[in-house]
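**Student:** Assemble the complex: chain H is given as a structure, and chain Y must be docked to it using the hints.
These protein sequence lines are chains H and Y, in that order.
The numbering of the first sequence is the numbering used here, which starts it at 1053 and goes up by one.
The numbering of the second sequence is the numbering used here, which starts it at 22 and goes up by one.
These are calculated hints, taken from the structure and not from any lab test.
It is possible that part of the hints are untrue.
Derived PhoX-like pairs (lysine-lysine); straight-line CA-CA distance at most 25 Å [to be verified]: (1) Y/K87 with H/K1081; (2) H/K1129 with H/K1081; (3) Y/K181 with H/K1164; (4) H/K1077 with Y/K181; (5) H/K1164 with Y/K87; (6) Y/K255 with Y/K181; (7) Y/K255 with H/K1129.
With the Cβ distance kept under 10 Å, some of the chain Y side facing chain H (calculated, not the full set) [claimed, not checked]: (8) S66; (9) V123; (10) F262.
Yeah, the Cβ is synthetic: ideal placement off N, Cα and C, and Gly gets one too.
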Amino acid sequence: MEFYNKPGEYDAINYIPHTESHGTKELWKTFWLLLGITLFDFMIYFVMPASGFRNFIFIFFGLVKAYFIVGAFMHLKHEKISLALIILVPTIFICGLIIGLLYEGSALEVMKSM
Amino acid sequence: MANHTTTEASFENQPTWAGGRSPFNVSYGKLMMWIFLLSDAFTFSSLLVQYGTQRFSNVITPITTKWPDPASIFNHFPGMHGFHLPLLFVSVMTFILILSSVTMVLAVEAGHRNSKKEVAKFMIYTILGGLAFLSCQAWEWYTFIHEGARLDGNTFGITKQGYDHLHSVSFGSHFEWEVGDRTFGPVPFAALFFIVTGFHGFHVFSGVVINVVVYIMTVRGVFERRGHYEMIEKAGLYWHFVDLVWVFVFTFFYLI
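Okay, chain H solo, but in the shape it has when bound (with noise of 0.2 Å):
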């Protein structure tokens, strides 16, 4: 492990790991993923008629797309595991949230229709 503090000196607030660059191939890869599933999204909207499977395709391609912007770009998946977890793990919870309000709020249009 390298460090840029003075050697033989280690300071916990101004510790900044070494970092290499892994090159741009896969941020490249990875531009051309998000825009090829942004383009197919477009496809859909025109293609398919609108239904809750269309929205599960969107949502779905939605967290794929979330996945290459965190795992690629924010370098997550390089991060070490213990780091990757405390963020991901509340934002798993979260989902969860969503999927259940979107149920309680289409109970919640049956009832106003009763």
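**Tutor:** Below, chain Y alone, put in the same frame as chain H:
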């Protein structure tokens, strides 16, 4: 922090969670940026939860079209007045944001190679992308307000007749509302649109400000003297988060 410093050898012998070292092997600033982004993700989630609940309790069906169909409102493109072009303009906005995300990550990569010239070049591209996105959003808001969007009302509700009319026109053809197509819809529609896209737009704006500050620091050689370009990574994390939020705004406000 002089009294907290210890020799590298004794630091290496410490157990991971004994304190005085970085258990995640990231710098203090970067860890705090991640924590901030997590809390910001909660903020956006609460807005999206509110939007989703409102939306699903006012579902679009061919018989009772209560929640306005996004395709009927966001179907404009600059210089193409009167044509039915749903989703096209937001797709261009999405493309701009993805592109600026790539130039940002290329700036981070150049920073790892300590290439001051390339970092400055890619930061300029990123700033231009951010400004282009903000201009697009300003145009989008202007058009929406011009069409009659208000915080305390909603005239974008569609009747059965309007629904059939809208779905009979094809992409790119001429389209205008007829009498009886539109009715009053759920009030929070425009308010939620303005709050969520406005909140996101404000993040883009502050991201551009951060990027400009970091660009000036790069050109003045602050990071060169420091010996590392970690500040670019922190600004980059924020910028990618803005892109990430847009993925979900795009999905929930325009696609669904």
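**Student:** Which of the listed hints are not met by the structure?
**Tutor:** 1, 4 and 6
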